[in-house]
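There are 2 protein chains.
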Amino acid sequence: MKNNLLIAQSGGPTSAINATLSGILKLASISDKVDNIYGAKNGIKGVLNEKLIELNELKKNINNLNKLSFTPGAALGSCRYKLKNINNSHNDYKKIIDVFTKYDISYFIYIGGNDSMDTVMKLNQYCKKNNINTIKIIGAPKTIDNDLKEIDHTPGFGSAAKYIATTFAELERDISVYESNSVTIVEVMGRNAGWLTAASALSRINGNNGPSLIYLCENVFDENKFIKDVKEKLKTKKSIIIAISEGLKTKDEKYLSFKNETNKISDVFGHVYVAGAGKYLEQLVEKEIGCKVRSIELNLMQRCSMHIASATDIKESSMIGMKAIQMALEGNTGQMASLKRVNDNDYKVEYTSVPIEKVANKERKVPREWITENYIKDDLLNYLFPLIQGEIDITYNKGIPSQFIF
Amino acid sequence: MKNNLLIAQSGGPTSAINATLSGILKLASISDKVDNIYGAKNGIKGVLNEKLIELNELKKNINNLNKLSFTPGAALGSCRYKLKNINNSHNDYKKIIDVFTKYDISYFIYIGGNDSMDTVMKLNQYCKKNNINTIKIIGAPKTIDNDLKEIDHTPGFGSAAKYIATTFAELERDISVYESNSVTIVEVMGRNAGWLTAASALSRINGNNGPSLIYLCENVFDENKFIKDVKEKLKTKKSIIIAISEGLKTKDEKYLSFKNETNKISDVFGHVYVAGAGKYLEQLVEKEIGCKVRSIELNLMQRCSMHIASATDIKESSMIGMKAIQMALEGNTGQMASLKRVNDNDYKVEYTSVPIEKVANKERKVPREWITENYIKDDLLNYLFPLIQGEIDITYNKGIPSQFIF
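Line by line, the protein sequences are chains W and V. Just remember that my numbering sits 21 ahead of the position in the first sequence, which is counted from 1. Just remember that my numbering sits 21 ahead of the position in the second sequence, which is counted from 1.
Just so you know, these hints were derived from the structure itself, not from any lab. Misleading hints may appear alongside valid ones.
A pair holds if it fits inside one copy or across any two, identical chains being indistinguishable in the list.
Derived EDC-like pairs: lysine to aspartate or glutamate, alpha-carbon spacing no greater than 20 Å straight-line [said to hold, decoys possible]: (1) LYS149 x GLU378; (2) LYS419 x ASP400; (3) LYS419 x ASP399; (4) LYS280 x GLU303; (5) LYS419 x ASP273; (6) LYS103 x GLU200.
None of these values were measured; they are calculated from a predicted model.
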């Protein structure tokens, strides 16, 4: 019998998820314990539909592996598919285990966010319950949202944060050129956790001031207070930038964005698509203050702008992949690869692991003590700064970053 | 009497306008014909309000000059101020000439787009009419829109085009990860000229396909045809990207964006703020096709993303600045510094000049023969490619690009 490895990616794409895949492939290529390597197309759905592709050739090509680590998206494709509770439905599980058996899969690494860790947890529970112990199932974390528990910060977050910090610094130069009063509202991703919005404050160097006001979704949003804050800031500064989380909610627990959006799409995990808060606030400022106002949505660019990725993030994402496969090779299952910050002053991390139950379906928000109602504190800045350090050595072809595409 | 130089910047900020300023300062620093250098704050308004700052220190500091060329925005500030016809009002002109006289200004360089060239033209006409020949007035072109006449391409355009090409390549990786049908509509700046929208097609390398459909504002936009095009493309490709100009108009000459926007702000030149076409088309696709659809506005990022600027553009922008001051030093007035492409195959340019009347208030659109109704032809791609080549050697401080700020 062979000992084969299966890898899949799931959830929203990031700049770093392919670096994790690349890390897994690099370590697998030097281990005697791995025979063939497969990738499932579109996450767990690729396993269910038996859409596997061979990755044996890729693992040997170091040039392509490097190019892969610098390619945004999710090279194996992604999905948002939720496995039912193991007590309710056995069909999916049976099908998955059949495919694992057919392809001699001994190791399954699932790269994704907290929804994907739910899949890892349930698969592991199913195996345990049915005494299947030939397959080691490990989660490799990724999410730009930085909202996973039991990890200092998530792979993918640092690159998104570096894009956001850089973009706010550049926007500040742009909006500062005119003499008249102006308000620029920048909407940043984050439904329930404001980590990315907080990263806007990292632009506060090189002579820039950073956003004048920062509203995280951890706080209840009050429109009257907001208008008061904006008026106050405009007294001392002609052009101000405001950072807001897309997931801002008013005290009745309603998303601000729903006030001007009619379409409320939700995915299979029940998450709703909440963009639009910036546009709503733009109209509010126009009505209540009447100065020049613009709203900007950083949109998908914040999760795919590989060309301004954080070298720290890409390196760690690759290491997290290595840690995940290493754990599987050492006989562990039902775990997520993780990282701990071991030194605050001279930033250093250590790669660890946690039982998957401690992560799946849980969310980590920005701690209360690190924020005020319309800004963030220095402790949070100190936490964030190391994560955006370093620039990746990208290769350009005809003026555009090279990518690896299957 | 001294021979002093006055520089001002005007119009929308770009990634390249400070490189032009830097080029002027570099050449001025080595000329015996220039005594003091002043910058007017916020364009011609700074002259009218006698808000001048000394730039003598800056010109000597080569480190700061380099940092300045890599800083987006407009270091001297900008304005959108239109001088009245010289026959209608003498107040502004008298005030400007008084300030020039008071500060011994022999050379005035105005960096800007076609509206700014209007200022250069009128000032020159006023001087001519009143026999003022002690002041040499020269325009230095910049605009991300690439819509100036009598120049192969405008400083600032190449960097915006590189940002757009890179962003489309990254977005394509991002939206390709899911299995379901999806339409992503990306709105690019350009009211009357679709040059920037066309640059999206530059992403068609490295294995990417580039946008499936490209709608420039040079064509009349037909909603029914658009929906037909989209349905057709979705038959052969699950996820498609569409590039559109913000200035799309229907056959009744109305901006598409006005169909869903109530606020129609216009500036002093009578230009209206037209963003919103993408949002309108998003809703149209949702209604008529019903698949997953998202619209993205590249917004201010396309004109200030210095971190992905084109080295070719930044170098040429600096050279255009040098050409402008050189022309003034050689006794010319009422001219715009320009550039000509002298070799198509092995891209080379030559720095030239044109009478300002040939440029002011004129617009250059994308030639008909280079486009189809929903795409662009290879000739246009060949014209565009050289302009995005090369990456600038930016310095990062604490993970964020260094900027020069007064």
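Hints, verified against the model:
1. LYS149 x GLU378: For LYS149 and GLU378, only the intra-copy Cα distance (14 Å) is at most 20 Å; the inter-copy one is 81 Å.
2. LYS419 x ASP400: between (42 Å within a copy, 16 Å between copies)
3. LYS419 x ASP399: Between. Shortest inter-copy distance 15 Å satisfies the 20 Å Cα cut-off; intra-copy 42 Å does not.
4. LYS280 x GLU303: both (12 Å within a copy, 18 Å between copies)
5. LYS419 x ASP273: neither (52 Å within a copy, 40 Å between copies)
6. LYS103 x GLU200: between (52 Å within a copy, 15 Å between copies)
In summary, the structure is inconsistent with hint 5 from the numbered list given earlier, while agreeing with all the others.
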